[in-house]
Amino acid sequence: MLPIVERIQEVLSQPVVIEGNIFAVSASIGVSVTHDRNDDPGALVRAADNAMYASKSHNRGGYTVFDDELRSHIDDRAQQERLLRTALADDLFEVHYQPQVQLAQSRIMGVEALVRIRHPALGLWQPASFLPIAETSGLIVPVGDRVLRAAALQQVAWRDSGGPRVEVPVNLSGREVRESGLGDRIAAAIEDTGIDPHDLTLELTETVYAEATRSFLESLTRLKGLFIF
Numbered sequence: 001m002l003p004i005v006e007r008i009q010e011v012l013s014q015p016v017v018i019e020g021n022i023f024a025v026s027a028s029i030g031v032s033v034t035h036d037r038n039d040d041p042g043a044l045v046r047a048a049d050n051a052m053y054a055s056k057s058h059n060r061g062g063y064t065v066f067d068d069e070l071r072s073h074i075d076d077r078a079q080q081e082r083l084l085r086t087a088l089a090d091d092l093f094e095v096h097y098q099p100q101v102q103l104a105q106s107r108i109m110g111v112e113a114l115v116r117i118r119h120p121a122l123g124l125w126q127p128a129s130f131l132p133i134a135e136t137s138g139l140i141v142p143v144g145d146r147v148l149r150a151a152a153l154q155q156v157a158w159r160d161s162g163g164p165r166v167e168v169p170v171n172l173s174g175r176e177v178r179e180s181g182l183g184d185r186i187a188a189a190i191e192d193t194g195i196d197p198h199d200l201t202l203e204l205t206e207t208v209y210a211e212a213t214r215s216f217l218e219s220l221t222r223l224k225g226l227f228i229f
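Each residue of the sequence shown is one higher than the last, beginning at 1 in our numbering.
With a Cα cut of at most 20 Å, we get these calculated SDA-like pairs of lysine to any residue: (1) Lys-224 with Asp-199; (2) Lys-224 with Arg-185; (3) Lys-224 with Glu-167.
FYI, nobody ran anything at the bench for these hints, they're computed from the structure.
In this text the structure is predicted, and so the values were computed from the model without any measurement.
Throw the hints in and build the complete structure from the sequences for me.
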């Protein structure tokens, strides 16, 4: 079996010439193996599909064979996604605030909103344990909306209590940027919470910005109209 896979990869790795232009091609392959002819064909295809995605994530251009270790990893991931959905349904998210200090004037300029999950049985989850799953599953959109609204409400509470006026930077993920309707969601959060748009900052990495879609650029134009930069 594996020599066949390697031969397929060798053939697919050959440059392709189209109208004088040379294109490099690679393939990530997933393999599932059975020794029982009674195994469910659909299950075998799903196993190969999962192995293919594992190749794309960790062995791009190579091949991965579905085995017990990969099965365990997939089961763990599915369990984490279920826990993440439970956290959304049961409102287990907490937003912590990290001060941003201007040293020259020794004053707080802003507070960055950082999300955590407070699980009744598993304790406090750090972002690294759930944000990657939220990103790939699409749950980052409702999670991001939850964080945005919580941060905006906190800023309004500080403002109304007579505290110092500080900006609240909120991070945007690549998935949020690629989703349509980002501008509408942020505008709705501003209207619902009463935050001054000048006090809200949206942050995204250069990589995320480089992958921006047309819908995001349209959202960015709208948000500039609300004085959010």
